[in-house]
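A.B. asks: Sequential numbering of the sequence shown, starting at 1, is according to our numbering.
A portion of the hints provided could be inaccurate.
Stated by the list, open to error - Restraint ranges, calculated between C-beta atoms of paired labels, are given here:
| # | residue 1 | residue 2 | range |
| --- | --- | --- | --- |
| 1 | K217 | E30 | 51 to 59 Å |
| 2 | G66 | K45 | 48 to 56 Å |
| 3 | E206 | R87 | 29 to 37 Å |
| 4 | D46 | H203 | 49 to 57 Å |
Claimed, not checked - Dumping the calculated EDC-like pairs for lysine to aspartate or glutamate here, alpha-carbon to alpha-carbon at most 20 Å:
| # | residue 1 | residue 2 |
| --- | --- | --- |
| 5 | K134 | E147 |
| 6 | K119 | E260 |
| 7 | K75 | E30 |
| 8 | K45 | E63 |
| 9 | K217 | D139 |
| 10 | K199 | E152 |
| 11 | K217 | E202 |
| 12 | K32 | E77 |
| 13 | K3 | D92 |
| 14 | K199 | E147 |
| 15 | K3 | E147 |
| 16 | K75 | E56 |
| 17 | K32 | D115 |
It is worth saying that the hints were derived from the structure and are not from the lab. Remember, predicted model here, so these are calculated numbers, not experimental data. Backbone N, C-alpha and C define an ideal beta-carbon position, used for all residues, glycine too.
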Amino acid sequence: MYKRILAAVNEFTNSELAAHYAITLSHSCEAKLFLVFIAREGIDKDTFRHAQSALERLFIEAEGYGIDVQSITGKGEPFQGIYEIVRKEHIDLVITATRREDISKRYFVKTLSRDFMLKLPCSVAMVRVVRMGKIHPKDILVPLRSEMTHLEERACFVANLAQGFGSSVTLFHSAMPVTSFFHGDVHLEPSLREEHIPKDVEHFIECLDRYTISHEKRIEYGGISRAITIEAAYRRSDLIIMGASERSLLRSIIRGNPVEDVLRETPCDLIILRPRHEHQ
């Protein structure tokens, strides 16, 4: 599904670390990798050198994995520069990192990440790097919800990252309690919770079963964002992969959503995937 992947790189360490996810995914998918740095006008020489050094390190690492890799440096407005490359090179997926200042405010308002998510004509994976050491997740937590779209692509993304890192996967669904007129909220026994899993969650699991990766399923109750962060902390997960639809992204501009809460509170690295590829 992913044949051409672009990693957006800048002078900050988190973008270089996020690009390691792009390297692993490119290797697992046998995709061509584009390492791209678009320098804003007026950038100072030291900042430019930092970004160039990051590109060189990433290029050498990607070549070491036998990846078909191309490094591109340009000047101008970063979004416009990357948009033009996405169009010209027919990019399937862009991987970008959040900036530190994005975390302290609603990250979809006036940020480059928001523009990538909503305006690029390809899938986008936004990475928040929490652990600054070597990127090598052993346990990946994948929260699932109802009304998911692009299930094939989501499964492909999770499976190929897990295969690339040799990771185990935990599928996590935070269910709402069943409401009773006389007794209020009723929390079902674990043996009965399986009957209340949404159909699209079941379909996602069927898609993931086509790949040879180790995964288990957990169902809990509670507020979505809090349940996710507690589960990740309890399991000592190394990475959370969440999905975001265009509808939820637009809705978050008005009143926020659980994705933003997890972005702020995540105890480990977090990837938010905005898929665009239809079933193949």
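A.B. asks: Hint by hint, note whether the structure agrees.
C.D. replies: To see whether the hints hold, each was checked on the structure:
1. K217 x E30: 51 to 59 Å: violated (29 Å)
2. G66 x K45: 48 to 56 Å: At roughly 34 Å between Cβ atoms, K45 and G66 fall outside 48 to 56 Å, so the hint is violated.
3. E206 x R87: 29 to 37 Å: About 34 Å separates the Cβ atoms of E206 and R87, which means 29 to 37 Å holds.
4. D46 x H203: 49 to 57 Å: holds (50 Å)
5. K134 x E147: With Cα atoms ~34 Å apart, K134 and E147 exceed 20 Å; violated.
6. K119 x E260: holds (19 Å)
7. K75 x E30: violated (29 Å)
8. K45 x E63: violated (27 Å)
9. K217 x D139: Cα-Cα ~13 Å, so holds.
10. K199 x E152: Given pair K199, E152 holds - Cα atoms ~14 Å apart, limit 20 Å.
11. K217 x E202: holds (11 Å)
12. K32 x E77: It is violated: about 24 Å lies between the C-alpha atoms, which goes past 20 Å.
13. K3 x D92: Measuring from Cα to Cα gives roughly 7 Å; hence the hint holds.
14. K199 x E147: Since the Cα atoms of K199 and E147 sit roughly 9 Å apart, the hinted pair holds (cutoff 20 Å).
15. K3 x E147: Roughly 27 Å between the alpha carbons, so the hint for K3 and E147 is violated.
16. K75 x E56: holds (17 Å)
17. K32 x D115: violated (24 Å)
Consistency note: the structure conflicts with the earlier hints numbered 1, 2, 5, 7, 8, 12, 15 and 17.
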